Amino acid sequence: MNVLYFAWVRERIGMPREVIETKAATVNELVTELSAREERYAAAFEDISALRVALDQELSDFDASLEGVREVAFFPPMTGG
Amino acid sequence: MRISVQHEPFDLGVESTAFASGHSDMGAIVTFTGIVRDLPDDPMDAMEIEHYPGMTEKAIEAMAEDAKMRFSLGDVLVIHRHGRLQPGEMIMMVATAARHRKDAFEAATFLMDYLKSRAPFWKREISASGVAWVASKEEDETALARW
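Going down the list, the protein sequences come from chains A and B. Heads up, the first sequence is in our numbering, so the first residue is 1 and it goes up one at a time. Heads up, the second sequence is in our numbering, so the first residue is 1 and it goes up one at a time.
Only chain A is shown next, with the shape it has when bound in the complex (with noise of 0.2 Å):
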């Protein structure tokens, strides 16, 4: 699955994008899993209700099932226009 982060999130984590294996059935168990990798992901996910999540470039939730998703972005509220 290919995972996406934007904007600060991009920066707390240190990478735009990574490709992981998973067997995370929600986007709020893979949150979990991100986050017990490594300090850098726990700080990017800390408060999840300032995030935004897309599933397959559509915005999403994040009690959303990731069964055949295959791309993930995780970004904060959007600021265009």
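None of these hints come from the bench; they were simulated from the model. Just so you know, these numbers come straight off a predicted model, no measurement behind them. It is possible that part of the hints are untrue.
Restricting the straight-line Cα-Cα distance to at most 16 Å, the calculated cross-link-like pairs of lysine to aspartate or glutamate (EDC-like) are [to be verified]: (1) B:58 - A:56; (2) B:102 - B:75; (3) B:137 - B:113; (4) A:23 - A:71; (5) B:58 - A:71; (6) B:68 - B:106; (7) B:58 - A:67; (8) A:23 - A:11; (9) A:23 - A:67.
Given chain A's structure and the hints, the job is docking chain B onto it.
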């Protein structure tokens, strides 16, 4: 309908004139242009805009399709830039064409509200005092509730 996510500058006059041409059944064209605003007390060197290639285009296309349906638009144009921009540069534009002005104005407002907080762009300001990500505003989220 045209959506363009680009680094290059755009010519507002050329884009607006081209958009307004060939719509003899549309009585109203509204255009909105966003400018990189300088910080009054902390002059900015640059604004950097990051985006999510692939999702950005899809998200804007979905908003534009939604706007076309809701406001019976004849046409929509969205140009949004990314990368490093200077204060005063044009960052984005929206143009809407409708039979009557109310729909054209409302559709432009609708698109701006959605672009603010549903298109995957992230801005950061670079000034003498440092580099800071622009925080989203509560009011941008509440602006969506009225649609």
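Problem set entry | Unsatisfied constraints (hint numbers, rising) | Per hint list: 7, 8 violated.
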